[in-house]
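Trainee: Sequences listed follow chains A and B, in order.
Heads up: take any position in the first sequence, counting from 1, add 952, and you land on the numbering used here.
Heads up: take any position in the second sequence, counting from 1, add 27, and you land on the numbering used here.
Keep in mind the hints are simulated off the structure, nothing from the lab.
Where is the CB? At the ideal position from N, CA and C, for every residue including glycine.
Examples of chain B residues lying across from chain A (beta carbon under 10 Å, computed):
no., residue
1, TYR60
2, GLN64
3, LYS67
4, LYS68
5, LEU70
6, ILE83
7, GLU85
8, PHE117
9, ALA119
10, ALA126
11, TYR127
12, TYR129
13, PHE131
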Amino acid sequence: GQNIDQPTEMTATEGAIVQINCTYQTSGFNGLFWYQQHAGEAPTFLSYNVLDGLEEKGRFSSFLSRSKGYSYLLLKELQMKDSASYLCAVHASGGSYIPTFGRGTSLIVHP
Amino acid sequence: DTAVSQTPKYLVTQMGNDKSIKCEQNLGHDTMYWYKQDSKKFLKIMFSYNNKELIINETVPNRFSPKSPDKAHLNLHINSLELGDSAVYFCASSTGTAAYGYTFGSGTRLTVV
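Whenever a hint applies, use it, and build me the whole structure from the sequences.
Mentor: This is how it looks when you write it as structure tokens:
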């Protein structure tokens, strides 16, 4: 089975930097997704990490350490529109290749 | 152009009724999925179809039956609705390459009263 853990809620200030952590335990590992989900909307794909290290995409970066079962999503220059849930999902090896989602971290950005 | 569209967006119905949710994607993806997101925000896979064939059927009551008439459509039919079926149901599609992620529909909020 898989176990994915992320904080339930975080708050941050507009213009700041926030790091959302995700730890996972899985019997096999192919990759890790991050999705953004605004309230009442569909999740949208942010990133997919397969190898260790940091991948940067504009204001958002995602980091992976496979040996530690750990990832984080880094959001820079926070904007009000970044208030959303951020879902970590692990793509395990073998079996169905369907990713398992964590419960998500609700990020609130305030002025 | 909506990439993954599902209808209806809201569905309120009484216990015991039968209802369907439709999903269509115009992305040319081979694989489609149904996910359920409960009140605690967990997204759980229900079904996965690849080129109209069922490849994944997680532990879902057999009251739920997916139908894929072609690879662009994956509908979900639910019989004898129960209160616990209340949730948001998301359709999604993907290519065979994980790196591009999944594209989700806007969701159907099902409320069983």
